[in-house]
Amino acid sequence: MSDVLLEVQDLTVHFPVYGGLMLRRTGEVRAVDGVSLTLHRGETLGLVGESGCGKTTVGRAIINILRAMSYGVEITGRVLYHHESGVIDLASLNRTAMRPYRADIQMVFQDPYSSLNPRKTVGQIVEEPLTIHTRATPAERRERVRWLLEKVGLSSHQVDRYPHEFSGGQRQRIGIARALATNPKIVIADEPVSALDVSVQAQVINLLQDLQQELGLSYVFISHDLSVVRHISDRIAVMYFGKIVEMGQADQIYANPQHAYSKTLLAAAPRPDPSSARARRLSSGGKR
Amino acid sequence: MSAPVSLVRRRMGKFRRLRRGYYSFLLITGGYLLSFFLPLLANNVPLAVKYRGEYFFPLLTYHAAPEFGQNAFGDPEYRSLKQQFANAGEGNWVLMPIIPYGPNESLLDVPGTPPHAPSATHLFGTDDRGRDVLVRLAYGFNVSMTFSILVMIAGYATGISVGAALGYFGGRLDILGQRGIEIWSSLPFLYTIIIISSVIVPVYLPGRNLLLQPSLWLLVVILAAFDWMGITYYIRGEFYREKAKDYVGAAIATGVSEAGIMFRHILPNALTPVVSFAPFTIVANIGSLVALDFLGFGLPAPTPSWGELIGQGMENLTKWWLVFYPLGVMFLTLLLVVFIGEAVREAFDPKEYSRLR
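Protein chains in written order, with our numbering: chain U, 1 to 288; chain R, 289 to 645.
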């Protein structure tokens with residue numbers, strides 16, 4: 001249980017700001033500023049923080065898609081992946097060198113409306129990772145796509161439908177099926193339920209937990225919703241302005257937050273019981 | 289839920305319901321496909337000849353005049369041969385196309401001097417070299433459509449590739465690329481083409497019914513070189529927007545190649561401007577070709593062309609059939625294509641309200 005699967009060491013991600021006629025650098029946004037994390041095999045690491053604090057950027061840095069997505073981004077630090085063949089620094093890999101490890105680390109995206117290509121059928125979307133990472137025949141791939149769809153609670157005869165024919169929760173299930181297609185070891189779940197109704201949130205969270213049990217997955221669960229994170233996480237890291245301010249066992253952080261920001265964050269969480277006085281008391285504390 | 293509906297199919301359904309555009313589309317495509325069979329419909333070469341118990345197919349194999357017993361050199365006079373066979377009554381016959389006149393054939397046997405006014409045999413009259421105007425307009429339709437479609441394909445291929453690269457890679461390439469395009473766009477396109485095509489002399493290949501002269505390709509390349517910039521701005525914008533969406537991130541995280549992401553993932557989502565501009569591009573290209581032919585810098589001499597006929601009308605303003613019919617046919621074609629474009633634009637409009645019905 002305690003063996004390490006992924007280590008993020010001193011990760012910084014700076015997005016340059018350009019201006020002027022010839023695109024000179026005029027500044028930078030320090031989205032992530034020296035973050036270190038460890039993810040153990042089979043655990044769920046919750047990454048919480050307010051919006052804009054760099055949670056998503058950490059997730060995207062781990063799966064190494066930042067350089068391809070935004071022009072001129074500067075990444076330092078290491079993302080060490082403990083593979084059977086040794087420890088690999090994913091952050092140092094270019095597109096081609098990264099490709100073999102992509103099957104092991106997948107991501108579930110926040111917005112189920114933009115994370116599925118509207119021009120592709122569900123079958124094509126879930127099948128693509130298989131085409132790239134396996135040598136399965138088309139028939140085998142189709143079989144696996146059907147299996148995956150059943151696994152995430154969709155019906156296997158919906159393969160030929162388009163994303164716009166599904167509800168938000170169903171789309172997120174498709175995103176999960178895509179992430180699981182290649183049997184990954186690590187899944188980065190980037191606010192997977194924040195765009196969903198509360199009733200659907202619980203279904204998707206339970207699905208993620210069931211899949212973790214069954215397939216032995218490790219999650220980095222990114223969210224701003226503390227109740228969701230508490231429910232699913234073994235350990236929690238609290239992020240604030242690009243830095244991790246506190247990290248520890250989930251129960252510990254909730255019971256006894258150490259950092260002033262953690263206290264504020266916990267106090268800001270809405271409580272189902274309006275008579276609880278603790279929230280009021282703490283919220284006057286460390287507002288920035 | 290009923291059967292799965294792709295976005296494309298839904299838009300096609302909507303296009304089909306916009307009847308003015310849909311019927312224009314059927315007319316234009318039908319006419320264009322039919323125009324490829326023009327050598328069978330309007331020609332001075334017969335479909336079949338029976339002579340002394342043998343069958344000949346002069347469209348496929350060349351036969352000289354003496355082979356059919358005509359006292360002449362070179363091409364047989366098939367129309368008079370038909371008359372001759374019919375008069376002799378020896379079981380020989382000639383099967384001519386519906387309109388037995390060729391596009392490049394000067395009809396010198398018609399009484400009077402060309403241009404001849406419209407008559408029962410020549411519905412649209414003849415031009416100043418005695419060639420049947422109707423036949424030349426029909427062949428010209430094929431030439432104009434082929435030309436503008438080729439220019440559109442070449443121009444869009446360039447424009448989409450450049451726009452995709454600028455939008456996808458962004459940064460300095462984008463800035464420099466855009467400035468380059470702006471410089472290139474500021475060249476006066478018609479004058480540049482006139483200069484280029486007056487330097488490069490068209491090569492005339494002797495041959496019968498040759499619709500595609502080699503210089504048509506040259507003209508396509510020249511015109512496409514000045515006609516690809518417009519679409520790049522739209523494609524660039526679409527790529528910029530689409531690239532930031534999570535499905536692209538998911539594709540990168542899956543390990544899809546750069547070209548795969550650009551052309552298989554983003555491009556299908558960026559095609560709306562391409563499809564909605566295509567009919568108007570065709571209109572513009574037909575216009576360019578007519579203008580060039582009118583000025584005499586277009587296709588080489590005997591090619592049936594609308595611009596050349598309009599030019600003749602300009603020189604013979606009293607011969608109304610040289611002015612009215614070419615302009616009328618061009619107007620009608622452009623109008624129909626614009627109707628198509630209007631309907632396509634409407635079908636791609638995300639708002640359900642429709643002005644055209």
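Among these hints, one or two may not hold up.
Unchecked claim - For each label pair, taking beta carbons as the anchor points, the in silico distance ranges come out as: (1) U:G19 x R:A532: 52 to 62 Å; (2) R:S474 x U:E28: 54 to 64 Å; (3) U:S156 x R:R304: 30 to 40 Å; (4) R:E546 x U:Q9: 45 to 55 Å; (5) U:G19 x R:L321: 38 to 48 Å; (6) U:E28 x R:L321: 41 to 51 Å; (7) R:L623 x U:R25: 12 to 22 Å; (8) R:I483 x U:R30: 50 to 60 Å; (9) R:E546 x U:F241: 29 to 39 Å.
Unchecked claim - In the SDA-like style, the derived pairs of lysine to any residue whose C-alpha atoms are separated by at most 25 Å in a straight line are: (10) U:K120 x R:L295; (11) U:K120 x R:K370; (12) R:K533 x U:Q201; (13) U:K120 x U:L196; (14) R:K533 x U:R30; (15) R:K533 x U:T12; (16) R:K370 x R:I387; (17) R:K533 x U:S114; (18) U:K120 x R:A532; (19) U:K120 x R:I386; (20) R:K533 x U:Q249; (21) U:K243 x U:A103; (22) R:K533 x U:E143; (23) R:K533 x U:P118; (24) R:K533 x R:G318; (25) R:K533 x U:K263; (26) R:K533 x U:H231; (27) U:K120 x R:N557; (28) U:K243 x U:R78; (29) U:K120 x R:L555; (30) R:K533 x U:P16; (31) R:K533 x U:Y101; (32) R:K533 x U:Y18; (33) U:K120 x R:I387; (34) R:K533 x U:A195; (35) R:K533 x U:G42; (36) U:K120 x R:M300; (37) U:K243 x U:H224; (38) R:K370 x R:I386; (39) U:K120 x R:R299; (40) U:K243 x U:T12.
FYI, nobody ran anything at the bench for these hints, they're computed from the structure.
Backbone N, C-alpha and C define an ideal beta-carbon position, used for all residues, glycine too.
Verification of the supplied hints:
no. : hint                        : in the structure
1   : U:G19 x R:A532: 52 to 62 Å  : violated, 20 Å
2   : R:S474 x U:E28: 54 to 64 Å  : violated, 36 Å
3   : U:S156 x R:R304: 30 to 40 Å : holds, 32 Å
4   : R:E546 x U:Q9: 45 to 55 Å   : violated, 29 Å
5   : U:G19 x R:L321: 38 to 48 Å  : violated, 54 Å
6   : U:E28 x R:L321: 41 to 51 Å  : violated, 59 Å
7   : R:L623 x U:R25: 12 to 22 Å  : violated, 53 Å
8   : R:I483 x U:R30: 50 to 60 Å  : holds, 55 Å
9   : R:E546 x U:F241: 29 to 39 Å : holds, 33 Å
10  : U:K120 x R:L295             : holds, 10 Å
11  : U:K120 x R:K370             : violated, 61 Å
12  : R:K533 x U:Q201             : holds, 22 Å
13  : U:K120 x U:L196             : holds, 22 Å
14  : R:K533 x U:R30              : holds, 22 Å
15  : R:K533 x U:T12              : holds, 23 Å
16  : R:K370 x R:I387             : holds, 14 Å
17  : R:K533 x U:S114             : holds, 6 Å
18  : U:K120 x R:A532             : holds, 18 Å
19  : U:K120 x R:I386             : violated, 49 Å
20  : R:K533 x U:Q249             : violated, 34 Å
21  : U:K243 x U:A103             : violated, 28 Å
22  : R:K533 x U:E143             : violated, 29 Å
23  : R:K533 x U:P118             : holds, 11 Å
24  : R:K533 x R:G318             : violated, 40 Å
25  : R:K533 x U:K263             : violated, 34 Å
26  : R:K533 x U:H231             : violated, 29 Å
27  : U:K120 x R:N557             : holds, 10 Å
28  : U:K243 x U:R78              : holds, 15 Å
29  : U:K120 x R:L555             : holds, 12 Å
30  : R:K533 x U:P16              : holds, 20 Å
31  : R:K533 x U:Y101             : holds, 23 Å
32  : R:K533 x U:Y18              : holds, 21 Å
33  : U:K120 x R:I387             : violated, 50 Å
34  : R:K533 x U:A195             : holds, 15 Å
35  : R:K533 x U:G42              : violated, 30 Å
36  : U:K120 x R:M300             : holds, 17 Å
37  : U:K243 x U:H224             : holds, 15 Å
38  : R:K370 x R:I386             : holds, 14 Å
39  : U:K120 x R:R299             : holds, 16 Å
40  : U:K243 x U:T12              : holds, 9 Å
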